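Using the hints, put the two chains back together into the complex; each one sits in its own frame.
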Amino acid sequence: MFRFIVRRLLQLIPTLLGLSLLLFVWLHRLPGGPETALLGERGTPETRAMIRRQLGLDQPLWVQYGRFMKRLLRGDFGSSIDTKQPVLDEFLARFPGTVELTVAALIFAIGIGIPLGYLAARRRAGWLDNLSVGGSLVAVCVPIFFLGYLVKQLFAVKLGWFPPTGRQDVTIDATRVTGFYVLDGMLTGEFDAAWNAIMHLILPGLTLASIPLAIIVRITRASVLEVLGEDYVRTARAKGLTERRIRGRHVLRNAMLPVVTVLGLLTGGLLSGAVLTETVFAFTGIGHFIRQAIDNRDYPVMMGFIMIIAVIYVLVNLLVDLSYSLIDPRVRVR
Amino acid sequence: MTLLDVQDLSVMFTQRGREDVRAVDGVSFDVSAGEVVGLVGESGCGKSVTSLALMGLLPEKGVKVSGRADFDGTNLLGVDQRTMRDLRGRELGMIFQDPLSSLNPVVAIGKQVTEVLARHRGLSGDAAAKEAEHLLDRVGIPDPRRRLKEYPHQLSGGMRQRALIAMAVACRPRLLIADEPTTALDVTIQAQILELLKELVHQDGTALIMITHDLGVVAGLCDRINVLYAGRVVESAARRPLFAEPTHPYTRGLLGSIPRLDSVRGEPLNPIPGSVRDLLPWVEGCAFAPRCERVIEACVEAPPALIGGSHQYRCVNPVLGRSAGPEHLLEQE
Ligand SMILES: Nc1ncnc2c1ncn2[C@@H]1O[C@H](COP(=O)(O)OP(=O)(O)O)[C@@H](O)[C@H]1O
Ligand SMILES: [Mg+2]
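Protein chains in written order, with the working numbering: chain A, 1 to 334; chain B, 1 to 333.
The following block holds chain B by itself, in its conformation from the complex (with noise of 0.2 Å):
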């Protein structure tokens, strides 16, 4: 069951004496109860202003946000903000990419847990302090009573991170959105938050939207997978042909770019050349043509359109057959 439907998505930044910028161009995407939908692309592609609109947290000033976003029937991008308030916390949980700057500094961690308790479920005193404390042991917090009275600086931070899922899981919302939860931490923390990130879902049955540039985040996690690039979807399938055969040249290096553990040490990684500052906007032809290595002349001819059945790709020279390594990524699951 369709719990997110996302139709044509697009954020455009307007400010005075600047040229218009298109962060997200168009998007569409759904994401079902219980299912974990990953949003890819390198950064500056639109994955947190896409994160940003559905949770109607762009500023109100100068930007302009058109197509239509229905969560259980409503529309997440027509709805007053009050209505937005009350669905923010409760049905519609986010978690961000750097837990230090994320949490307020001299508020202690309690209380910030406390907070969203408050607000959505009535809770006060000593039945929020709690409530707060079997969450911070649900995320895997220990001594979670002393540290309801610690502030975010004497945590570190994975325990920051664990303690911002526990805020945004707190009234067991039906969807969460990840932006980049585990860019800012250690290696060994990453797996660590993406297995629990892992677990809750599964528990809750929530679904979640996980954003992030790697690759390899999404690999074990999630059911199906978008990747993004300047503002577009340029491809969408399901975990397995995804990694089995990316169809999209910029799928292809973004997957050619994870590092494998068997690689050697030193030896330089596999990442495209060019980067997203050399794009083109979606008007004259392929915003990936300057960087691809397959570019023919059709590719700058018109933009290309996303087409394909359930594996879908926005390429006019699409890569058809099976893809030689990064399959070994499946079987981190």
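Pulled out of the complex, with its shape left as it was, chain A reads as follows (with noise of 0.2 Å):
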């Protein structure tokens, strides 16, 4: 088990090596600089080649890969052309609010998608069944930028139910902790701080949620009708046993193997989406400074943002297997 976990972060170097090398040329080979969104329109030819200079975009790129990767190495991965600021420190500052925003996202998804996909085939071509399908089709077509939108429109603007933006009421003076405003509302015992950014993260949640629930409400749906095909389902039934043990014991657990395959694959995409959802809400996370960065061609911020999402990637997608080979002892690590 040790040795597997090991072995899999080894494999991440290589993946990490090959991906900032692809990144690196791409971005760099992009049209136009960082000193375009520095100068604007007032840029002469000599104070823009003054910039790339000081930057050291004047250089041939290995030699500036050759930089970066140095820095890398050391933990450094640059400083923001645009604020000046370590990039590190600009992620810590705001990653906290993606990570809540996506693990919202996620309990919607699981703790919604799994049960719905369940009754829908427990009830085949029942009313439920052909809503949750129905239901699951729309949530993938409608963008989430669309879908942001409207949910806020009516939920926030029109209802009230909800706030219609940020991560907690600028009233609410809490005691920052770990940036996780849930989290530290819990540490400090500060519960109403806590509720409050529980609240706020419902809406864009939920919007976030919509395209991984869909996808989960289906395999659920499909994996489970398998299932209760299935020979050893048959072999419980002729034991006797009540429905509930069947379900509980026989068919979640086996029908749950696909679902949890699929979470992992799900997860790049939540991140991803969480910045579209981000500018939706007036969510501070790490989104607007994203969209910023790829605006001014900030190259070391777009670099770092892209190496930690592979790095969470891998990380998720090693938790998942580890899941997997919990619930399926066919699958245990070595």
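It should be emphasised that the hints constitute simulated quantities derived from the structure, not laboratory data.
Note that this is a predicted model, so its numbers are computed, not measured.
Keep in mind that the hints are not guaranteed to be accurate.
[Stated by the list, open to error] Derived CB-CB ranges, DEER-like:
#	chain 1	residue 1	chain 2	residue 2	range
1	B	E199	A	R7	21 to 31 Å
2	A	A125	B	E150	32 to 42 Å
3	B	A238	A	R245	39 to 49 Å
4	A	R245	B	D204	23 to 33 Å
5	B	E199	A	Q11	23 to 33 Å
6	B	E150	A	I294	52 to 62 Å
7	B	T83	A	V138	36 to 46 Å
8	B	L320	A	P329	51 to 61 Å
Glycine included, C-beta positions come from ideal geometry on N, C-alpha and C.
If you want it as structure tokens, here you go:
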């Protein structure tokens, strides 16, 4: 088990190396550069060249990449061209919001998707089944940006059930520990602050959850239907077990296997979806910062962001594989 | 004393947009306490559907079951699901064909044994574990305590089938149904499993319905044999007369296709030409007629009735008299 984890973490190294090289070349080949963002229309060719020289962008690409890697090996992602602050500090200040949002979305997607998919399978072709199949189709088709806007207008602006924007009411004077507002509230005992942060997570969380939720519903439904037809379910019936026992012990656990696999794949999309969702709900995560970095060709920030996403993605999938092996003894890791 | 009396059992699969399939068509037989009864026929003749109907395990939708199956005064085809659940696993045990797919891959063997003990005998914890260990030991699984913690994929095919048998006999059912319990196994293992079943039913006085497509399997085991073709019983007799004087041409064909131990290797067996797929339903005549070498005009005029006393057959041109050959199978006893 331990060796399995170590091996998977070691596999990260070549992955990240390849990814960084590819993206480095790609990003630097994009038209425009940070000097345009810094100078706007005022820049003369001379001032532009000067800024590029200052930033080292006049050097050959492989020299630039070498410098980038050298810094990275010391744990230094460089500084943002835009804010002049270290990239890592900028991320640490903003990532908790994005992670919180992503986790909220995952909880919604799993907590609603699995029971719904399960019930749809049990009452096949019933109204719930038709509703969830149709609903998931809609969820996958509607752009997340658009859906977020609709949800905000209806539940926040019109009905006023939830706050329309932000991570927490500005009137709340909460103590910051980790930067995860819900967690902070729990840790410091400021439960009203935690609750307020949770309320702010509902609408963006549901919006972000829409696509994974739809996918989980459909996978769970298909998986349960398949398992219900398995021979071992018939064996369980032949033993005279109650339906409840059969479902709990023999159907659900087996039906979860494909769902767990898909969860890992969904996480990557969830993080990028978070960036869009944050914009709609003015939710202070990494989203706004990244959009600006892209507009400004802030290379260190873009590189750092993608590398971190890659690491998270690999870690999540490691977690998925570990939990898979907990459910299915046939794939016990060595 | 009759334990199970099946009368006129019919099962029809109805599916929208498709023609109805009559999988079992008026099957009657009975099983006495402690008796071993064989249901024999080629694949697709309705053996599994018959057994699932008796166990109440057919799907609820798209299936029409009719007839009676009186089990100690209870009509298995007429009771509610609840009563049936109480009978299954306790009074009625079932063993399936493919031991690997019939065991839950993600649940430990021990749990799969103890759950039936918990359900019907109220055993839990140590008592259940002890009894499960005893059961595995009884069906000939070595080192049972360790096996309890293992998962199906860690067991060999024969061991898996033994584990399934342990689950089926855990509550000492009065009737055991074994649906091709050896078909998925190696030849050497097949004999061991049959021996085990024979021993268990003998010790417990359990009645056994043995389902197989292989007359060689029932030869050393069954007291009485029912041969099925296209959902109907075509011949029914005690073992000795059936092997000594097979009357229906289909039974003869089945006997002719059993490999003899002394037959030359590679020499083709003598299978019945054609397949069940060629069959006509039993409406215009004998369903076996298209494949039968003894077919006469009367065969296709009307479906033949089951006739005879203790040795029954459904044929208008039966083979009467002793057969040459298959009796060697009886010596295997
Ligand atoms: N669920 C089902 N739906 C429709 N037809 C079925 C179903 N199950 C079995 N049958 C049909 O019933 C007939 C008998 O099947 P079965 O009892 O499984 O045969 P076997 O004697 O090999 O066990 C077959 O022709 C099969 O196609
Ligand atoms: Mg079968």
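Evaluated hints:
no.	hint	verdict
1	E199(B) with R7(A): 21 to 31 Å	violated (49 Å)
2	A125(A) with E150(B): 32 to 42 Å	holds (40 Å)
3	A238(B) with R245(A): 39 to 49 Å	holds (41 Å)
4	R245(A) with D204(B): 23 to 33 Å	holds (26 Å)
5	E199(B) with Q11(A): 23 to 33 Å	violated (53 Å)
6	E150(B) with I294(A): 52 to 62 Å	holds (54 Å)
7	T83(B) with V138(A): 36 to 46 Å	holds (45 Å)
8	L320(B) with P329(A): 51 to 61 Å	holds (58 Å)
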